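The primary structure of each chain is shown beneath.
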Amino acid sequence: MDTLLDVRGLVAGYGPITVLHELSLHVGRGEIVAILGANGAGKSTLLQALVGMIRPTAGAVAFDGHDVNGNSPEQIVRRGMTLVPEGRRIFSKLSVMENLRMGAYSRRDRAVALEQMDRYFELFPVLADRRNQAAGTLSGGEQQQLAICRALLSNPSLLLLDEPSLGLAPVIVDKVFELIATLRDETGLTIVLVEQSVVDALEIADRAYVLSNGRFTAEGTSEQIAELDLEANYLGGDNA
Amino acid sequence: MTVELLVQQLINALSLGSIYALLALGLAVVYSVLGLLNFAYGEIITIAGYCMFFLVSGGMDFWYAAIFGVIAAIATSLLIQLVAFRPLRGAPANAVIFASFAVSIIIKALISNVISPRPRGIPVPSWVDGVIQLGSFRLPILALITIAIAVVAMVALTWALHYSTPGLAIRAAAEDFTVTRLMGAPAGRLILLAFVLSGILAGIAGVLWIARTGSVSPAMGFTPLLQSFIAIVLGGLGNLRGAVIGGFALAFIEVALQVLLPTAVVPFTAALTLVAVVVILYFRPQGFSKLAQERVA
Amino acid sequence: MNTFSRRRLRNAFITWAMLATVFLVVTLLAEFVLDRGQSRMATEFMILASLVVAIQSYVGNSGLLSFGHVAFFAVGAYIAGLAAMSPEKKEQFLPNLPDWVISLEASLPLAILIAVIGVAIFAAFTGVPISRMHQSVIPMATLALLVMTHTVVNLWDDVTRGTRGLVSVPDLVTTWTVFATAVAITGAALLYAASPAGLRLQVVREDPIAAAALGIRVAATRFTGWMVSAVLMAIGSAVWALNSLAFGPEQFFFAQTFSLLAMLIIGGTGSVTGAIAGTAIVSVINESLRGLERGFAIGPIQVPELPGLIQLVVALALLLLLIWRPAGLFGNRELSIPRRRR
Ligand SMILES: Nc1ncnc2c1ncn2[C@@H]1O[C@H](COP(=O)(O)OP(=O)(O)OP(=O)(O)O)[C@@H](O)[C@H]1O
Ligand SMILES: [Mg+2]
Chain A
1 MDTLLDVRGL
11 VAGYGPITVL
21 HELSLHVGRG
31 EIVAILGANG
41 AGKSTLLQAL
51 VGMIRPTAGA
61 VAFDGHDVNG
71 NSPEQIVRRG
81 MTLVPEGRRI
91 FSKLSVMENL
101 RMGAYSRRDR
111 AVALEQMDRY
121 FELFPVLADR
131 RNQAAGTLSG
141 GEQQQLAICR
151 ALLSNPSLLL
161 LDEPSLGLAP
171 VIVDKVFELI
181 ATLRDETGLT
191 IVLVEQSVVD
201 ALEIADRAYV
211 LSNGRFTAEG
221 TSEQIAELDL
231 EANYLGGDNA
Chain B
1 MTVELLVQQL
11 INALSLGSIY
21 ALLALGLAVV
31 YSVLGLLNFA
41 YGEIITIAGY
51 CMFFLVSGGM
61 DFWYAAIFGV
71 IAAIATSLLI
81 QLVAFRPLRG
91 APANAVIFAS
101 FAVSIIIKAL
111 ISNVISPRPR
121 GIPVPSWVDG
131 VIQLGSFRLP
141 ILALITIAIA
151 VVAMVALTWA
161 LHYSTPGLAI
171 RAAAEDFTVT
181 RLMGAPAGRL
191 ILLAFVLSGI
201 LAGIAGVLWI
211 ARTGSVSPAM
221 GFTPLLQSFI
231 AIVLGGLGNL
241 RGAVIGGFAL
251 AFIEVALQVL
261 LPTAVVPFTA
271 ALTLVAVVVI
281 LYFRPQGFSK
291 LAQERVA
Chain C
1 MNTFSRRRLR
11 NAFITWAMLA
21 TVFLVVTLLA
31 EFVLDRGQSR
41 MATEFMILAS
51 LVVAIQSYVG
61 NSGLLSFGHV
71 AFFAVGAYIA
81 GLAAMSPEKK
91 EQFLPNLPDW
101 VISLEASLPL
111 AILIAVIGVA
121 IFAAFTGVPI
131 SRMHQSVIPM
141 ATLALLVMTH
151 TVVNLWDDVT
161 RGTRGLVSVP
171 DLVTTWTVFA
181 TAVAITGAAL
191 LYAASPAGLR
201 LQVVREDPIA
211 AAALGIRVAA
221 TRFTGWMVSA
231 VLMAIGSAVW
241 ALNSLAFGPE
251 QFFFAQTFSL
261 LAMLIIGGTG
271 SVTGAIAGTA
281 IVSVINESLR
291 GLERGFAIGP
301 IQVPELPGLI
311 QLVVALALLL
321 LLIWRPAGLF
331 GNRELSIPRR
341 RR
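Protein chains in written order, with our numbering: chain A, 1 to 240; chain B, 1 to 297; chain C, 1 to 342.
These are calculated hints, taken from the structure and not from any lab test. There is no bait here: all hints are sound.
Simulated coverage check for chain B against chain A, where a stretch passes if three residues somewhere in it have a Cβ under 8 Å from a Cβ of chain A: (1) 174-180; (2) 184-194.
Example chain C residues on the side facing chain B (calculated, C-beta under 8 Å, incomplete): (3) H134; (4) L322; (5) P326.
Note that the structure is a prediction, hence the values are computed from the model and not measured. From the three backbone atoms N, C-alpha and C, an ideal C-beta is built for every residue, glycine too.
All chains should be modelled from the sequences, with the hints used to inform the complete structure.
Take a look at the structure:
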């Protein structure tokens with residue numbers, strides 16, 4: 001398969017603290033890859049390093065054939081890698097529409113973006129209804145949809161999702177995961193999904209990596225990873 | 001007090017409030033993006049003032065000179081960002097604050113040494129000091145001009161922040177700078193834009209301020225800095241609407257104190273205004289921000 | 001976080017002993033080696049160092065830059081000056097003072113005590129609203145405090161003699177008193193930084209929201225730091241006043257604020273050692289430029305008087321230093337004996 005993202009020996013952290021120790025992973029075009037791990041394993045740190053929010057101290061990140069290691073977030077979005085950050089982080093004082101306009105900020109073809117917006121409104125009908133409302137007044141699930149839609153408007157070829165299920169009721173979680181699967185099937189989008197709800201994630205992912213204490217301890221197809229009984233062996237309680 | 005006098009004081013407060021609102025907006029726009037107050041903000045007005053002083057002394061018309069004053073203000077604002085803020089990105093807040101304070105000291109010292117430590121007058125066209133007689137009401141022309149210019153500037157700013165993409169990015173950055181970058185807005189350019197806006201607002205306010213005071217001096221920037229600070233604290237931090245509300249609130253407090261206080265304590269008005277503001281903040285630590293938020297919703 | 005940590009106390013004590021030794025050397029030099037001018041400079045250095053350390057005890061532990069400490073400086077200096085001035089002089093220069101003030105003629109300890117009480121009351125009133133503010137506006141609020149105080153000092157003729165300032169303040173201070181003051185203030189600042197209250201303030205400095213989540217009362221903690229620092233400032237100011245003998249409102253405004261903060265920031269706000277080192281560095285710069293400021297000649301060219309030259313040079317040096325080392329020369333490090341490996 002055609003590799004879209006290829007990471008080798010990535011080392012990153014915060015100041016003197018190293019969180020990620022020589023991580024290597026690859027993501028093929030059109031794949032959904034799940035990254036699983038306990039709290040504090042370094043999942044968010046990995047995504048932040050990929051999009052340039054923190055600068056890796058070593059390693060190579062190739063995206064779509066370009067070396068993007070050390071690029072700024074604004075350069076990386078333009079290359080087509082977009083992060084939906086942990087905790088959604090929508091602009092709560094801006095209206096829904098303004099959030100979406102920010103999503104399209106990096107694009108030259110804003111007219112095309114507006115057309116796309118209409119298409120996404122079919123996928124996210126709530127957002128269409130609430131387009132002039134302050135985004136902070138949306139419910140948690142609606143905000144997650146907005147965060148995803150906002151990221152999609154940058155027209156990414158790779159979407160990074162950091163715990164999209166965080167703080168959502170189980171029914172809503174199912175909906176969000178359905179949506180993610182739909183996105184891949186309909187648009188061929190490549191997705192890296194960071195999750196703690198292992199079962200849900202493995203259901204839609206093609207492959208998965210298991211991260212613990214900043215190192216990958218397992219990788220394989222979803223079926224292989226599902227057999228590891230992660231909840232008991234890796235993610236339960238103490239991360240020894 | 002007669003109705004006429006009341007109306008006159010009201011117009012006075014409105015025109016002073018217009019200036020304070022613009023000043024506060026200029027300080028708040030940078031604060032909203034960087035989370036830092038620019039302690040050299042007052043010197044933007046000082047430099048605009050001296051630029052006008054030289055042009056008007058050279059024979060230029062006051063209002064033409066005002067345009068150059070605004071341009072000088074923008075340039076100064078950019079210079080401050082270049083010298084004090086840019087090299088210290090990511091440094092502790094105290095370092096940046098003190099750097100901007102140092103820039104303010106340097107500018108003041110340079111003006112005192114190179115030009116003069118003493119105030120200099122700028123002749124304001126005499127028609128500006130006139131009044132329009134409307135029945136029994138006397139409306140000072142300068143106050144009307146001030147209010148009109150401020151309204152136009154604020155409407156233009158509101159429009160730019162809502163309908164232009166960079167303006168939208170400024171508002172987004174005020175909420176979450178990191179995510180704004182994630183959306184592809186370049187951090188450096190956003191900050192630059194914030195300083196340009198700050199310069200324009202300070203420049204316009206500065207021109208109106210100078211038309212009111214008719215003089216320039218090396219330390220003239222201090223009062224505007226302090227008043228804009230009080231206004232943004234009164235209005236609830238980091239929100240531009242609050243800055244406007246705070247600016248007008250401050251002007252009304254000040255004018256009310258001037259009218260009501262016995263003449264013996266009038267020199268202390270500035271200090272007493274501060275006391276009044278502290279009392280308000282004591283009971284409402286968030287200033288009038290509730291008010292500001294209600295308006296947004 | 002509710003009891004003293006023995007390790008912190010021990011480190012504070014070691015630093016204190018070493019800094020006290022430095023002050024002792026300066027004092028001995030001033031008493032027995034230096035000429036009168038130089039020994040006056042040495043005394044001034046120790047007083048300034050006391051003031052800068054007093055400021056450091058707030059700025060360093062809270063991480064909040066304060067421009068308002070010079071307001072405490074003014075209040076403390078005027079109160080001490082008025083308390084110690086002889087009744088005859090007060091009658092002569094400030095006849096409108098209330099009688100009980102005129103009749104007062106305080107000794108050094110009493111003058112210091114009155115200054116401490118006065119400044120503490122002043123600091124308590126101003127500290128309550130300031131401590132409740134958002135940390136990003138506290139520096140500006142303290143600047144406002146400075147201006148308000150300056151306005152009042154400048155205009156309150158009956159008490160301060162306005163712009164003419166106080167004169168005929170008695171000289172109650174010897175080099176040894178200054179030494180004792182510097183050592184005491186340094187010790188108090190180090191003790192506070194090592195105390196549970198100081199530690200809590202440092203936790204608030206690192207992350208106010210997390211600190212609040214840990215159950216630390218942010219505003220109350222900041223207020224305590226403000227008060228401790230104000231009291232130290234009052235002691236330093238009183239000694240300064242009774243050593244300066246005459247002073248006016250201009251000595252308690254921007255230039256002074258800038259100079260004291262420059263000393264603090266050059267050395268690094270994070271440590272008492274840095275505060276003292278910074279004071280020494282800026283004092284040396286000041287002395288070496290003082291001659292130039294009065295005007296000088298390069299060959300046939302006569303450079304005129306350059307008021308504000310010192311300020312300009314210090315400000316420029318500071319900008320460069322901040323770019324190079326944003327945390328100052330010492331950062332958070334204190335003077336101490338090299339650590340033994342275990
Ligand atoms: N800004 C920061 N500064 C210092 N350390 C940090 C910072 N952010 C995260 N860390 C540390 O890095 C480690 C990894 O954090 P990270 O947020 O990547 O974990 P995570 O796997 O995303 O966990 P969670 O499932 O809770 O989101 C943790 O030990 C955390 O304490
Ligand atoms: Mg995470």
